[in-house]
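Chains S and L: place on chain G using the hints.
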Amino acid sequence: MSARYGMVIDLDRCTGCGSCMVACGAENNVPALPQATARTGLTPMLVRRVSNGLDGNLRREAFIPILCMQCEHETPCVHVCPQQAVEVDKATGIVMQMPQRCLGCRYCMTACPYHARYFNWWDPAWPAGMEKSLNPGVASRMRGVVEKCNLCHGRLHGAQEKAAAAGKREVDLADYVPACVEACPTGAIRFGNLADQNDPVAQEIHSRNTFRLLEKIGTEPKIYYKSNQAWVRKMAEPIGESGSPVRATENSQRISEVQHV
Amino acid sequence: MRRYAVMFGLGFVVALIAGWVAFPHALYVKKAQPLEFRHKTHAEKSGVAECSECHVLHDDGTFAGLPAMEKCASCHSDKLGESKAEATLVDTYIKPGHETPWLVYAQQPANVWFSHAIHVKRAGLKCENCHGQYGKSDQVKVYEVNRISGYSRDVWGHSMSRLRRAPGDGMKMLDCEGCHRARHVEVGCLGCHK
Amino acid sequence: MKFSRRDLLVWGAGAAAGLAVTPVPWKLLDDTAKWSQNWGWIPQPARGPVEVKQSACTLCPNGCGVRVRMAGGWPVGVAGVATHPVTYGALCPLAFGAHQLNWHPERLKVVRHRGAVASWEDARSVFAKACGSGRVVVIDGYPGRAASQVLSNFAEKHGEYRVVRGAETRALSPFEEWTGVPAAALGYDLENARTVVSFGAPLLDGWGAPGRFTRLWAEKAAGQDDPQLRVIQIEPSLSRTATNAYQWISTRPGSESALASGIARVLLEEKLVTARGPMPELTLEYAASQTELKTDAIRELARTIAAQGPVVAIARDENPAVAALNVVLGAIGNRGGIVRRSSSATSQLIADASIGAARVVVLDSSVPWNFEPATDAEVFRFAAWNGGPTKSDWLLPAPGFLEELTDVPSAPTSGVETYGIAPALTKALHKTQSCAEFLASFDSSLDSAEKIVHGRCTELFRARRGTIQSHDAVAVAKIESAQKAEEQLTSGAVWIGEPASGGSIRCALKQWPAADASSPLELSGSWPAAVMPALATKLYQESGLRESGRNA
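If you read the sequences in order, they're chains G, S and L. The first sequence maps to residues 4 to 264 in my numbering. The second sequence maps to residues 10 to 203 in my numbering. The third sequence maps to residues 10 to 561 in my numbering.
Pulled out of the complex, with its shape left as it was, chain G reads as follows (with noise of 0.2 Å):
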């Protein structure tokens, strides 16, 4: 039977700490180089901040984990990819980028409606002796190409491998944890195989509150969030049923205004 890898992330339990994006860094042997910045950084996992939109003491602000969403349906980047570097994988429905089939052209990153594609403007570098520090359960990429999240595939595999040595067809969800799933302190990120009724995150996933981010466009990403918090909902959905941009301006059901002098 095959498996559909997703998650749910609960945006009430991220502080927005980045351990996730260290984590993932590590992981995936990304260097930190010094001459990167927000536009040009390569950051599989990255954590954004949002507002309500609100001015002081009733200003809010929330943590968006963004990592590839492994759109199930109509994917984007595989439809533009010239190279077929990226494929939806049928047994896992992981969206698998292959860097070193890459060429750099970067439509994907165009088409990718996430914003979770990076390119690697420079070579990969680290300070010198570093290289004993990098995981070799991820093969290094050159500059030219782009990447992105993965889903572990290094951990799948070898969640895969024991599995095989223990003469067992499935993956053990216990050995196939990804990096930003087992960093994550609060328990934030949740990961599960959602064509499986008895995983709590394929349950999880049809619980109140549980939203996808642009769920009009129809890409059936597997990473789902979650929020109590209705401001953190209508941030998912930037255009409202007038066709018009609909502004978080409500309170969080929390806040009561103190009164200042």
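Hints should not be assumed to be uniformly reliable.
[As the list claims (entries may be wrong)] A short list of chain S residues far from chain G (calculated; beta carbon distances all over 10 Å):
| # | residue |
| --- | --- |
| 1 | R12 |
| 2 | A58 |
| 3 | T97 |
| 4 | Q116 |
| 5 | C136 |
| 6 | V149 |
| 7 | V151 |
| 8 | R156 |
| 9 | G166 |
| 10 | S168 |
[What the hints assert, rightly or not] In silico lysine to any residue, SDA-like type, Cα no more than 20 Å apart, as pairs:
| # | chain 1 | residue 1 | chain 2 | residue 2 |
| --- | --- | --- | --- | --- |
| 11 | L | K11 | S | Y13 |
| 12 | L | K118 | G | E134 |
| 13 | L | K460 | L | E412 |
| 14 | S | K130 | S | E59 |
| 15 | L | K43 | S | F32 |
| 16 | G | K171 | S | K135 |
| 17 | L | K43 | S | D184 |
| 18 | L | K36 | S | D178 |
| 19 | L | K36 | S | G179 |
| 20 | S | K181 | L | L37 |
| 21 | S | K49 | S | C60 |
| 22 | L | K440 | L | E130 |
| 23 | L | K400 | L | E115 |
| 24 | G | K171 | S | T71 |
| 25 | S | K181 | S | R162 |
| 26 | S | K145 | S | H48 |
| 27 | L | K436 | L | E60 |
| 28 | S | K49 | S | S83 |
| 29 | L | K62 | L | G82 |
| 30 | L | K43 | S | A35 |
| 31 | L | K11 | S | F17 |
| 32 | S | K135 | S | V57 |
| 33 | S | K181 | L | K36 |
| 34 | L | K43 | S | H202 |
| 35 | L | K36 | S | R173 |
[As the list claims (entries may be wrong)] Some chain L residues close to chain S (C-beta under 7 Å, calculated; not the full set):
| # | residue |
| --- | --- |
| 36 | A24 |
| 37 | G27 |
| 38 | L28 |
| 39 | V33 |
| 40 | D40 |
Keep in mind the hints are simulated off the structure, nothing from the lab. Remember, it's a predicted structure, so these values are computed and weren't measured experimentally. Glycine is no exception: its CB is placed at the ideal position from the N, C-alpha and C atoms.
This is chains S and L only, laid out in the frame that chain G set:
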């Protein structure tokens, strides 16, 4: 016209000889393994009957393609016989505590992921399927390295044309794909790549 | 006819046609492609088996348990330890890149004397001479370790031992005078608290052992309208803790003491608490004017605070008024409040600006880089990374991340006593020596840190208290031998004492602390490493997640 045909033919023949005879000879260079290991000796004399006794498949799925020095040292901590090979093993590697720098016939590029656990345990492939009858050999196989790519000749295969190959001769991606196609096992790119 | 150029060209055409049906062009293409992937300057990860080993992160005094993946003898990845009794498996963002720190460009590789390269022999001879001719002050940033014992033993004979405290410990220091219990023996029983009032302490962003409170909050409060654990964050600007708190109160910076006093007054006047504490002198109106909150708002806040107990108040740094608020809240020595972790810790001299006359000052590598002793003495600073311009005369390269065996005393804010051992997981990259080793080498009568660790394990075993937790918790009383206990601790298990095993605390606070200026908002934390892991820069430089220079 006849002269042109002759000249063309001469050039053609010279190129054929250069390409099929001289080129492989020049491209590959033989390298000696650190010592003359004999699989047959180990199978017969020391009762190591199964490949898996030294080429261990661990519980977590990882595979020791090259046994670590501890494995050799578990029997050869001191010399058991008279051979020069064993003397080299004990004096140069075991006693000083260095791993033996074996040259790997099946060495793949760094971005390749191959799981012995999946192929041996799940697919039920025998070692001979891909590695040939190496386990019964009484000589260490000749290692020829490709001067340009740095990989062993076994990856392309001994046959330069890649036609009429013995099973296990050739470990390019094409060979993996061929077997997968024949057995109808579909894996995506990241199924075999890191 | 003679062989002409035309013949050559035709011959060449034949040769080209012939080559096309040989392996040459196809093989050359294939081989050059492979050749281009393997150039020597392309960084490649190690090949070979991957092992997982456990140790503890020693970059700050919290000693969070870490699981490290090793390949080829080098660390390639860090994760938390789910069964750890203080961190619950969570770490701070910096830990995940810490395995690369030993190769950081700012790693101290050689001895430096006022900027110029020097040798260990030079340092030793100067130190030996200076030691003989005057008082030596040894300063420790991570007290409680076996290495700390070595430093202290040396200093006893030659001068004085002092500690630098982190902000979390400074917040507990007012209780020393009122209870007679050293701050090093106090902790917070957050697991049983139901309301936590933080006066600027970044509870969800690096306070204490960073994983501990974030885990508790995630389970008991995140996303819930009526949480079991209410966090009330009092802070001028919207920090990560503030935006996630049950309630965020924005007050004027510097007014925390006044607010704490005002809240205490309301709690006592309206009899919202059963404890009887000293009444603050300042009026509610004064507190309102300082904080720029209305008096009604302060009343409302006090009522919210008292609504769901047990309540504990946590200050960002040393703040007597906030500490006194805890007295009024009945948090001293009670469940959910401030507890006495152990009975054995003793008072220690604090290192601060004035350390008195000395001939030599020695700074252990655990002392934060921005700590500069105000002294004319010759300063020997041990450090693994160079943090920039410094007044220290000597910079001595210390072991880096997981390069040296050390033990892990209780985390400064923990409510239970813990003990662990952090084995070295990699070999030292450079010729380094820890401060403890250096000092011990001058006095052969001193026990080494390893010997002291060994002794501590034996003591622990003999006391037959507490449990050793790895995957399961095993009572110490059931462990076969001291050696077994030490083996377990060395492979990542943690010893946990009984909760609040230090006993009861009697608080003798009779008068509300004098209204002084609130603790300054200085950002000196207990993070001693002078540099951040390379990957952590992504949080600042390659994203808008954090702005540097601000604790946000």
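Hints versus structure:
| no. | hint | in the structure |
| --- | --- | --- |
| 1 | R12 | holds (47 Å) |
| 2 | A58 | holds (21 Å) |
| 3 | T97 | holds (29 Å) |
| 4 | Q116 | holds (15 Å) |
| 5 | C136 | holds (16 Å) |
| 6 | V149 | holds (28 Å) |
| 7 | V151 | holds (29 Å) |
| 8 | R156 | holds (23 Å) |
| 9 | G166 | holds (22 Å) |
| 10 | S168 | holds (27 Å) |
| 11 | L:K11 to S:Y13 | holds (13 Å) |
| 12 | L:K118 to G:E134 | holds (18 Å) |
| 13 | L:K460 to L:E412 | holds (18 Å) |
| 14 | S:K130 to S:E59 | holds (15 Å) |
| 15 | L:K43 to S:F32 | holds (18 Å) |
| 16 | G:K171 to S:K135 | holds (19 Å) |
| 17 | L:K43 to S:D184 | holds (17 Å) |
| 18 | L:K36 to S:D178 | holds (16 Å) |
| 19 | L:K36 to S:G179 | holds (14 Å) |
| 20 | S:K181 to L:L37 | holds (15 Å) |
| 21 | S:K49 to S:C60 | holds (11 Å) |
| 22 | L:K440 to L:E130 | holds (12 Å) |
| 23 | L:K400 to L:E115 | holds (17 Å) |
| 24 | G:K171 to S:T71 | holds (15 Å) |
| 25 | S:K181 to S:R162 | holds (11 Å) |
| 26 | S:K145 to S:H48 | holds (6 Å) |
| 27 | L:K436 to L:E60 | holds (16 Å) |
| 28 | S:K49 to S:S83 | holds (19 Å) |
| 29 | L:K62 to L:G82 | holds (11 Å) |
| 30 | L:K43 to S:A35 | holds (18 Å) |
| 31 | L:K11 to S:F17 | holds (16 Å) |
| 32 | S:K135 to S:V57 | holds (17 Å) |
| 33 | S:K181 to L:K36 | holds (12 Å) |
| 34 | L:K43 to S:H202 | holds (15 Å) |
| 35 | L:K36 to S:R173 | holds (17 Å) |
| 36 | A24 | holds (4 Å) |
| 37 | G27 | holds (3 Å) |
| 38 | L28 | holds (5 Å) |
| 39 | V33 | holds (5 Å) |
| 40 | D40 | holds (4 Å) |
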